[in-house]
Every structure is written in C-alpha cells, then in structure tokens.
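Construct the entire structure; sequences and hints are all you get.
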Amino acid sequence: MSGSSYFSVLTLAAGTVLVCAVAILWLASIRAVISMVAVQGASLGLVAVVLGVHLHDAGLLAAAAVVVVVKAVVIPVLLGRASGSDSGSRESRPLVNVPASLVASAALIVLAFVTGRGVAHFVGTRAGALVPIGIATMLIGFFVLVARRRPTFQIVGLLMVDNGIALTAFLCTAGFPFLIELGVSFDVLLGVVVLMVLSQRLRLEFGDVDLDELQELHD
Amino acid sequence: MSTGWSITSMSAISLLQVVLVIVGGPLLLGFMRKVRCRMEGRVGPPVHQPLLDLRKMAGRERTRPEHASWVFPLAPVVLVATTLVVAAVAPLLATDPAFGWSADLFAVVFLLLLGSVSLALGALDTGTAFGGMGASRAMTIGALAEPALLVAILALSVPAHSSNLPTIIIRSLAHPAWLATPERVLALVAFVIVIVAESGRLPVDNPSTHLELTMIHEAMMLEYAGPDLALVKLAESMRLVVLFTLLADLFVPWGIATSPGPWHLAVALASTAGKLVVLGAALAVFEVTVAKLRLFRVPELLAGAFVLATLAVLSTLVVP
Amino acid sequence: MLLMTILVLPLLGGTAVALGRGRTWSAWAAVASNGGALALGIIAAVRVLREGPLSGARGTLRADALSVFMVIVIGAISLLASWLGVRTPARAPEDGHRNPERSAVYGVLVQAFVGFMILAVLAANVGVLWVAVEATTIVTAFLVGFRRTRGSLEASWKYIVICSVGIALAFLGTVFVYLAALHAGGHSAHALDWTSLMAHARHFDPSLMRLAFGLLVLGYGTKVGLAPMHTWLPDAHSQAPAPVSALMSGVLLTVAFYAILRFKAVTDVALGPGFARTLLVIVGLLSLALAASLLIAQRDYKRMLAYSSIEHMGLIALGAAAGIRLAIAAVLLHILGHGLAKSVLFLTSGEILTAEGTSRIDGVRSLVARRPALGGLFGVGLVALLGLPPFSLFTSELVMVRAEFEVGLGWAAVLAMVAMVVVFIAVVGHARHMLLGPAGPPRPAGSSGVTAPPPRWVAAPLIGGLVVCGFIGVFAWPLSGLLTAAARVVAT
Amino acid sequence: MTAALLVATALMGLAGTAAGAIAPVRFRIALSSALTIAACALGFVVGAEVLHSGHAAVVHTTTLMPLASFSLALDRFGALFVVITAVVGICAMIFRFGYDGQGLASRTASSILPLFVTSLLLVPAASNVTTFLFLWELMAITSLLLVLTDHARRSEVQVAGQWYAVMTQLGAAALILGLVLLATRSGSQSFAVIAVRSAHLPAWVRSTAFVLAVVGFGSKAGAVPLHVWLPRAHPEAPGPVSALMSAAMVNLGVYGIVRVGMGLLSGGPAWWWLLVMGLGALSAMFGSLHSATSKDLKRLLAYSTTDNVGLMLLGVGASGLFADTGHRALALLALVAALLHVVFHAVFKGSLFLSASSVHQAAGSTDLDQLGGLLRRMPVSGPIFLVGGLAIAALPPFCGFVSEWLLLQSMLHGLPSGDVAIAVAMPIGVGVLALTGGLTAFTFTKAIGIGLLGLPRTQDAERAGEVGRPMWIGAGLLAVLCLVFGVAPFLVIPSVVDAAGAVPGLHLAGALTRGWNVALPGVPGMLAPGLVAIGLVGFGGLVALGRHLVQQRPVRLTEAWGCGRELQTARMEYTATSFGEPLTRVFEDVLSPARDVDVSHLAESRYYTEAAVIHTTIDDAFERRVYRPADRMLVRWGAVARRVPNGSVHRYLAFGLVALIVVLVVLA
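Protein chains in written order, with my numbering: chain R, 1401 to 1619; chain W, 2 to 321; chain L, 597 to 1088; chain C, -15 to 652.
The hints are simulated quantities; they were obtained by calculation from the structure and are not laboratory data. Where a beta carbon is used, it is the ideal one built from N, C-alpha and C, also for glycine.
Every beta carbon over 10 Å from chain W, so not counted as near; a handful from chain C, in silico:
#1 Val29
#2 Gly171
#3 Gln443
#4 Pro577
#5 Phe639
In silico contact screen, one side only, chain L against chain R (beta carbon under 8 Å); selected entries:
#6 Gly741
#7 Arg746
#8 Tyr774
#9 Leu778
#10 Ser784
#11 Gln835
#12 Leu890
#13 Gln894
#14 Arg899
As structure tokens, this is what we get:
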C-alpha cells in the first residue's frame, strides 16, 4: 500500500469512527444506534488492519480481528437481542436535546483537537496526527453517558468511550502487546454483557425505566 | 523584726490586745449607739449596756433547733476564735505582738472569712427560711467585698514590698510621706466601704432592724440563744474593733508602740482608744444621716470600692 | 511458584465452592484458601525481605516488598470477609432459605474477586494490572447487585458505568505511558513492566507524562473513591452484601490506590516530585472536604461508613503526596489499618442490618444496651476508624501529618485536620444515636427476626480483626521492616 | 531502677486492664482495683524517687510505636504530676471498692478504668511527640468511654459524652498540629532535642506551636472558652472517674502548657503569657460564677474545676511573664504557687468529688434542692465534704489557703518590677483571684449549707445513711491530706519547688519554707499555717470551755423559731436556687438566666393561685453564643451539601466529564 493511499484509508476509517459517534448523538432510535455501533466497531477494526498492514505487524492484525469480532459483530448482536423487546423504543426525552448535543459535540471535538495536538505532535507519525479523533470520540461517548436516559444508550456511550480510547491506542502505539489487547477486549465484552444483563433485570423487575428514575439511592 | 522585744513582753502585748478587743468591742458599740441616740435627740442606754446585755445572755439557757447538727453550736465558737487569733497576732497596739511575723494581711482576710462562712453555715443549719436568707445575702456581700479588700491590701503592700502587717506599719512610720499619697487615700476609701459592708453597718445592713425582709446579719443569728447568742454578738463587735484598729494603724500609724515598755504601751492604748472613738463617732454620725441601701444597690457600692482599690494599685506604679 | 500458588489458591477455593454447590463445607474451604493466601503472603514477605523481589509465571508475576504487603492486606481482609460470608447467601432477603445455586455463584464470584485483586498487585505488567482491576469491576458488579432489590440493581448499574468509564480513562493514561516508554527506548513486549518503566522513566517525555498521570489519577482514582469520581462508592457499599462491602472498602479501593502509588513513582522519576504531589493534594483535599460535608447530614450507617472510606482515601492520597519514605510507610500502615477496621465495621453493620432490619441511622437505637456484642464491635470499630489509639490508624495518621509537615505540606495537613474534626463530630453524633441509650422494651415482633447475639464463630474474627488493628498500632516489630522496605520501592 | 519501676507501673496497669476484662465477676472489681492501686503505688514510688533524687527515669524502645519510637523520661517536673495522679488514683480506687453506682462494675468499665489511670500516670513521663500524643489520646478515649458508662440510664450522659468527645478532639487536633510543627521544624521528635533547638526556630513557628498547644491543653484543662464539655462530662461520669478527671486529668492540661511553653520552647514573648493569664482570668471568673449559681452538686464541682484551672493558669502565665522580663526568682515563685495549687486542688477536689458521689449513692441525687440534713445522717462523709469545701474556699487551716496565699504573694512582688505588662496584669490577676475567692466561699457555703445542713428536702435524703467503709476511707484520706497540707505545707512545698526548678531558666535563691512556715526569701514576714491552726484550736477550745462554764445546763432541743413560724418544714427552707439568687441578679448581664414562671390557678377563680413554680435556668453563655451557632452552621452546611449528589447517574457522570475536561485542558 502506498504511503498516501494508506493514509487516506486510515483517515477515512478513523473519520468514520468519529462520524458514527456524532451520528449516535443525533439518532433517537435504538435500532439505528446499534447499527451505528457496529459500523463504528468495523471502522475501528479497519484502522487496525490498515496499521497492521502498513507496519507489517501480525499482532496488530490479530488484534484487529478480535476487535472486529467483538465490537462489530458480537456486541451489536447482543445489544440488538437484549433490546429486542424494546428495540422500537426511542430516546424520546434526552437530558440534552439533539441540537444542543450536536453543538456540544462540536465543542468537544474542538477541545479534543486543541488538547490532542501535543500528543499528536509527540507521536510524530502521520497516523499519530489522527490521535485527536480518538480523543474526540471518547469525549463524545462520555457526553452520551451524561446526556442520554435509556440504559442501552449508556451501554453505547461506554462502548464509544472505549472505542475512542482504542483508536487513540492504535494510532499512538500501534496497539498493545497482543495478550493485553485480548484481555482488554474481553473485559469490554464482559462489561457490556454485565450491563446488558443488569438492564434486562431492571426491566424485568421494574418495567421500562429511564435511568434518571434510578434516584432511590442518595444521601 | 526590730530587736529588743522579749518573749514575755510580746506575749503580754498579745494578751492585752485580746482583752482590749473583747472589752473594747461592746464598749465601742455602746458608744456608737450613744452617739446615734444623742444625734436623734434621745438619751440612749449607757455606753456599757452591750456588756450588760452579754452578761445577761450568758446566763440564759442554750437551745438548738432539733434538726440542726453539730455545726450550729460550733459556728459561734469558730467565729469568735478567728477574731481572737487575729486580735492576738495583728499589730493593734504594738508593732510586735507575739507571732507578729505571721500577721499577714491576706491571712487576716481569710481568717475573718472563715468566721463569716462558719456563721453562715450555722444559720443554714437551722433549716429556717430566715437563716438561709441571711446567709445568702451575707455571703453575696462578702463575695463582692473580697476583691475590693484584697486589691486595697495590695495597694498598701506594694510600697512596703510585703503584706506582713508589722512590716507595712513600720515602713510607713519610716516614710511619713507615703501616708498622703493618692493610693493611700483611694485605698482608705475602699477599705472603709468594705469594713462597713463586712461588719454589717448602714447603709449596707441595719444592725438594729428586725424587719424580716431587710435583715442580713440579724437573720443569721435568729436561732441562737443564751451564751451562743452572746458569742455571736461579741464576735460582731470584736470584728468591728479589729477592723477599725487595723484601719487606723495602717493609715494613721502614729501612736502605735514600736518598742517595748509600759509607757509606749500606755501611749498606744490611749491613741488607739482615741482613734476608735473618732472612727466610731464618725460612723455613727454617718449612719444617722444615710438610709439603708436596697440590697441590690450594694454591689454598686462594692464595685465602686473595687475600682478605687484598683486605681490605688495603679497609682502605686505611676507614682514611684 | 510461590506467587503462582498465592494467585491460584483463592481460585481453588472458588472451584471448591463451585464443586460443593455452595454447601457450608465448601464455603469453609474458600475461607481456608484465603487464609492460605494470607499465610503464603507472609512467607513471601519473609522471603522478599531476605532475598529481594520474587518473580513467577515466566516474569508475568513479580513481587517486591510493596506487592507482598498488599497481598497480606488482601489475604487478611478476604479471610475476614469470607469467614463472615459463609452465611451471607442464606440471608439474601428474597430467599429465606439457603439457595445452593446462588450460594455457589456468590462464593465463586467472591473468590474470583479476591483472585483478581491478588493478580493486580502481583502483576509485573501495567497492562495486566489494568485488566485485573477492570475484571474486579465486572465481578463485583454482580456481587453489588446480588440482593436483586431495586436499590442494589441501581447501585450496581451506577457502579459499573462510572467505574468502567473511570477505568477506561486509566487505560488511556496507560496508553500514553506506553507511548512515552516506547519513545524512551523500551522494548514493546516489556515496556510496560514496572521494572522497565522505572528504569527508563528518566527519559520519558514530561508533558506526555503529565497528561498520562492526570488521567491515571482520575481513572484509578475512580476505583479508589477519590473525588470527583467517587460517586459510585456510597451506593455500591451500602447495597452490597456486607462481606462484599468489606472487601471493596477494605481492599479494592487500596488495590486501585496501589496502582496510583506505582505510577506516582514513575512520574516522580520523570517529572520530579512536585507534579504528582500537587495533583494528589488536590484530589486528597477534595475527597476529604466532600466526605466531611456529606457525613454531617448522613442518614444511613452503611453510607456513613462508605463516606468514611472516601475520607480515608483522601488521607492516603495526602500521605502519598508527601511522598517521602516515612509518608509511604505510613500510607501502607494506614491501608492495612483502615482495611481491617473498615471491613470489621462493614461486617458488623451487616449483622446489625440483619438484626434490626434497617440501615437507617435513626432506625437503630440503644445498640450497646440491646445487643452488646454488635454495639460494642461497632463502637470499637468506629474508635479505630476515627484515628484514636491504640489502633494503628492513629499512628499512621500522625506519621502522615509529620511527613506532610516535613515536605512543606503543613497547610494541607491543617486543612485535612479540619476535615477530620468535622468527620469526627459527624460520626460521633451519628454513633451516639445508634449506640447509646436505654435498652427499653423489646421491639415489636414484626420488625425483625433475629434477636440472638451472633454466635462465637461470627464474633471471633471481628474481634480478631480489631485486635490486630490495635496490635499493629502499638507494636512495631512484625511490620516495620516490611513497611520500610515497601516504602523504599516507590519512594525516593 | 526507676526506669524498671516505671515499666512495672505500666505493666501493672495493663494487668489491671486484663483482670477487668477476663476475671470472673466476683473478683473483677477487687482484682482490677487492687492492681490499679498497685500501679499507682509503683507510680508514686517512681515519682517520689525522681522528685527526691532528681535523676530522670528513662525508658526508650523502638519495639513500640511503629514508624516512631516509644520513649519515656520522667523528670522532676513530670514526677510531681505522677505523684499527684498516684495519690488521687489510690484514693479513688479504694473508694471504688464500696461504690456500686453508675455501671462502673461492668466488664468494660472495669477493664478501661485501669487503662485510664495508667495513661494518666504515664503522660507526664512521655518524652517524644509520638509517645506523648499516643498516651494523651489514650487518656482521652478511655476517659470518654468511662464518662459514657451510665449511658443507658440517663440521656444526659450521651449528650455529655458527645460534647466531651468533640471538644477533646478539637483540642487533640490543635495539639497534634502544634507538636508536629515543632518536631518537624526542630528535626527531631524527642522533647530533649526540641528543647535545645527550638530557640533557633522562627518566631512564627514558636508562637503558632505555643498557641496551638494552649488551645489543645486548654481544652483538656477546661479553660474557658474551651470548657463547655467539662461541666457536662465531669458530673455524668461515675464517682471515681469524675474524681480522677477533675483531680488528675485536668492537671495534665496545665502540665502541657508549662511543658511546651517553658520546657520545649524555653519561654516566649510577653503576649504568650498574657494570653495564658487572660484565659486563666476568664476561666476563673466564669467558672466561679457558674459554680456559684449551679444547683447540682457535681456540676457545681465541675465548674469549680474550671475556676481552679483558671487560677493555675494565672500562676503559670504570671510565671512566664516574669521569666520573659528577667525576674527568674519571681517566675519560679509564681510557678510554684501554680503547681502547689495543682497539688492542693487535686487533694480537695478529689475528696469533694468522691464524697459528692457518696452523697449521690446515699441520697440518690446530686441536686442540692433534693438534699439537706446529710451531715447528721452521714457522720463521716459529711465532714469529709465539709473539709473539702472549706479547703477549696481557701479558708485556714486547710490547704487551699496556702496556695492562694503564695499566688497572691507572687503577684504582689511582681508589681514593682516596672514592666508595663506586669503592672497591668497583676492587679487584674489579684482582683480575679479575690473575686473568685469570695465566690468560692459563697459557693461552698451554699453546697455545704444547702446540701448537708438543715432539713432533708426529700424522702430519699431523709432516709440516707452513711456509705460503706471503703468509700469514706478513700475520700477521707484526701480530706485528711487537706488538713495536713494546710497545717504543715512544708511537707510538700520543697518537692514542688524541686519540680518547678526542673523547668529550665527558673531558679530561686533560698527556700520557700522556714521551719513550719511559708516564707519568701528576703522578705520579712511569713505565713504560719501551723500557728493559725493552733491558734484556732486553742482559742476555740477556750471559748467553748468558757461557754460551757458560764452555762452548764444541757442544751435544749427546740423547734426552730423562725420569727414565729409554727411549723418548720423543708418546704420553707432556702433552696440552692434561692441561695444563689442575689448573686444571679448581680451578674444578670453575664449569666443571662432564663426564668419561667408556671402559675396554676384554682378551678373556682383564676384570681386565686393554686401553685406557682419558678424555674431559673442558667445556660453557658459560650455554649449558647459560640458552640450552638457553630453547630447549626455545620448542620446547615451538611444539608446543603447533601443536595449535590442527588442520586442521578447522569449528574455523577457529568462530574467525571468536567473533571476529564479540566485534566485535558490543564495538563495537555
């Protein structure tokens, strides 16, 4: 792969991750959001593949495979199944409405680009220059956690934070040693599974809940 | 201490002082009563009437309220004993009675306080409302008089660098200029107020009243009879004499015997008698002209005395 | 081999529970396995002191004095917690009777929890440490929600979401550290080993390390319960079954702090001591202020204990900020002392909850008179927790204050002291209402079932925990060598 | 030798604790008390030996106190306090053999009491910061637990315990900060090293440390305005404990101020000592005023402790002031006066608290308005209280008189020194001393007169009888000491001079005693307490004899006359409230008493009154104006803070997002 095409593919993939993040913020339907998550996972995998090919790093390719399997296939499927019963439900009254969320996400992206410049500069590679995209994805994910009421949205937000960080990691260091990468992915998977189980249990015991109804515990 | 005093002469002086106080007390009271009566245009009883009263009381039966404990009969004894101890060691007639070195002004104050406390306890022991009332009022006044008294003593002690009575008197005899200093005058006024208050005279207390709600000292001795009553009355008059004599000796020490010898003593006796007569007459005249203060105005009087005494102390520091 | 055994033992206990389907003997087997871990930890400590750091599993595990100290802390508290946990599953309110399957799940999860914590402190590699800490989150999420009440599910949700985010931030920090290590010439396979990090730290890029350590403090600080990401802690601690609360408050928090401590050492080499100090002072004071403020009007005694944990984590952060050996030794002593006292308190509060049927402070009265054993334990535990002698928290707090003054953090120590006084006032006020007063007539029968005092075998480990806490506060010899050696690992 | 004994003291105390914890119920009290007495006896021997020889008893080990070391070094100054504690401890423990009230027999109390006594004994020996603070806090927590002994029966106990806990912790925090500041700046924990190096510390460090120490120790000593716990906690503690607290524990506050101010810091500027004198004056006045108006016997005694601590602090402050202006002999004199007052206060307050507990046990109350007539019913305990009361009122021939006299003398002789600070401070000091002296006489006239004399006011008081022998022996020993020290102060003064001489920089040319008498070197005249006693007894005997001779008929018992009342009943007696009423009125502005009048009318007509009840309650002004508002502020703050974490996971996550953004912005 030539240098410039490598970089444009990389940019495209990383950009897709960020665009998916913004899209998730925009969308209200849970089913659409889950498909966006799948796209985001796939793009993340693509980033890893491109980097792996470029650097001739077998470990990175293996990691890419794990990422694709876990984040683009398993988790979306699980999410879809878990929210099967209420897959038609929507985030009807987000804590921060969609226009304001989009403005906020723009601000977060600016913030990420300002604060990520130092790291990008330090990494020194062309891939490294894309680090702010990872940070921005993470921040938007965090914002989803803060601004959305549905349990599924929070799981998605968590995934976005994770994807953002994973993207940053790939771009910065071309990934961790494979075993650790595996452990990390496994942890993420388990975490999502646990959350899904919990949300199911919540629904079973208390019916359809918004998370901000969970305010029984406080001082 | 100045030399030349023998043990015998010192003991003799002490004995003389004790006798003077025992006999002089009632006589002083009688004299004061006479003066008052004269001023009020009455003849009044003879001067030695209080002595006669004491003798009569001594012959009566002793009684004790059935609920009272041993404190009740003990109180008059302690009251008299404290006064006698002061009379024996304080330089009333001469600068060196027996144990004069131990005659400390602060100690004198605490001894007299012991007497007051024991009388108050005796009054409380009767369990009557009047006993409690008298004790409460007497102790309140005592508590408030004490600061003024001690600070006044401090003012007198500072120039002499000692609170030892003979030392103060001897040093002020040696420095007559001290006597007219502002701190002396201020301390004198404070002293007088305190003595009036402590010994239960007008305007603080009216010793001749038996009007129930105005009594202070009288209320405390209501239950005493016979020799006990005599002791309490005697002690009251003795304290007055002791305080007057000390006042006179501290502020106008001339006449006090500074060396042994019958002549000196005779002069001292005469001068002391003269001072007592003057003081007694003055107090009697004063008592005729004022009315009794309300109980709750008394603290103001004593606070005034305290301020004067404090000023006295401060002026000892300002005026070298 | 030794390290591997320590790591595997609790898991063996867990296997036993699984095989025994949660029957009582298998629960006791788990207790024994935790005891064994403690004993082996002590043996490892002796060996480390004599021979230097141990390693195992082909370099994946490594134990220096700090690690073995943490192993001992984990061992001791897991022993206590699993001991009291023997009868916990039977108490889950919706069951009424012993449900073997759930007992087994409970036992296995607890043992896995313990195992992951041991892995975290024995890991030679930062990445493994991260994986282990994240794993504890997942395992405990089920334990927090074990009672399946609305409250416990809510707590469990908050716990896992907040901690996952936090730990993700720690991962980002780790990524940056890795980046710095690679640029400083570390080999990718071992660049994240503690030894390698410490060796190359001098060449790390300062601005990157600043960002990395900031993220690490924020991220691991979430698990430690440091403000502002402490918010999961009171909910989770108050809803989890008592032994789980005890484990979480007693060791999980400090295992996460162990990570901060390690990274602080790296940061100190890279940046000098000033940066990490500033950061830790800020979070420490923030946590203290917060804990003090929220304890004043606290209404739930388990939450009270949880906020007290936040307070103590703040103190530990301040101690670590001082950073000198004395301070670190005191921090470690505090970790052990707090772990013991807090776990005893949580376990006791579990017994109180079972006996009284409420965790509200105003629902519990005259405990000392009505239930002398529980009231006494709770009272003595609070005395220990408030930093009064002879318990070790007194000594460690005093030494931390000393160390703070020595490095010029006297002002922070003064503020901390103010917060501690407020905490003291608040806790004493609450404790007074709970513990003191007349026994009065027995409560109406409907309110709760158990009135009998806890059996001896329940009281014994609790008393033992407090006795140990007092012992290490008075006597220096068994621990001071290990403490100084451990402090030397991370303090300059 | 002394070191070994010191260790033995500690071990004996711990054995007492063990005995209290594990001995069977039948032997529990006997065994733990006996071992505690043994510990006190050993402590007494060590203290006496150190006082006598001047060789410090030194114990040092690194086995105790992790990350620090345990170190004791008992010098003469500390030894004095050990001896005091030992004496009070022995008497209190003897008392305890017969005392069965207030839950002191429980296992908890039996095991903690010896520990409390042991920590009291060891605090003055501590010679490094960690050891000192450890023992100090041990003393605080054990005493707190002992105060709480009777919590189950009276809710006041809980309140008292809470006040005590909070105030003692405030003090401890100040103390920790002050001592640690001193230790780190001097580079050593050891008191000896600090004492050497502190002179080179910057002035602000020295002053800060001193002020913090004054706050810390002042709160333990019960100095106003840190006293609020004392009038609550001392009365609620079981008898022997309140005696130990009032007679031994508060002393250690004075000990600490002297140890830090004069020992570790070797004296300081005049304002330090004016501060101490100011606190002392305030405490003395406030304490004596409140004790004069209290109607509960133990509360009255507790306020009187504040009063007496004030006098001690006056002496200590005067001493420091003199030392600062170079009057070393005067400084020593003032310190001796203060320490002598510490000794005597321990003796009379110990006997007062113990006999007040006897009264409590016999008559079931310490409310003076429920007592009366007890002197006849308690032929031994009554006189013991009487003696203690006369001693505390500084009346000859009892011991309080001697120390107050010395205090007055030290102030008198300081006056001409020409220093402005002294010139202003001393007259005020004398005034305060005098006022409190008068008020104390008032107070104890009331306590004795209302409590012990007259008619019993309740049936319980009517039925009261003498308490068991151990109780009056314990209290009686102290009462005997009141008299012995009052008549023959030369027995203690040289030791106190030695103890005060251990404070660096103070020395006295000559002795303070001449034969049986107390005399200042180079000043004519002296105090002859022995002579006064002989005079009183002699003249008293003569007067009594004379009375007997003039009237030999037996005394007739009569109904009290009372200006002609037909029937004397206890309802007509003056109560403590009415006794204090004139004083309450005089100081109305300071005390601001609250009066409630409940009038119930006859059913037939509301113009006729059936009964009128007047309640006068006097709150502590500092409690009302300072502590309660502070508490309210804290509560309000807590209520505000509680609203921030509202349980919403979104809000919690928002905290995190903000924190993350801050981290990114600041650090990246």
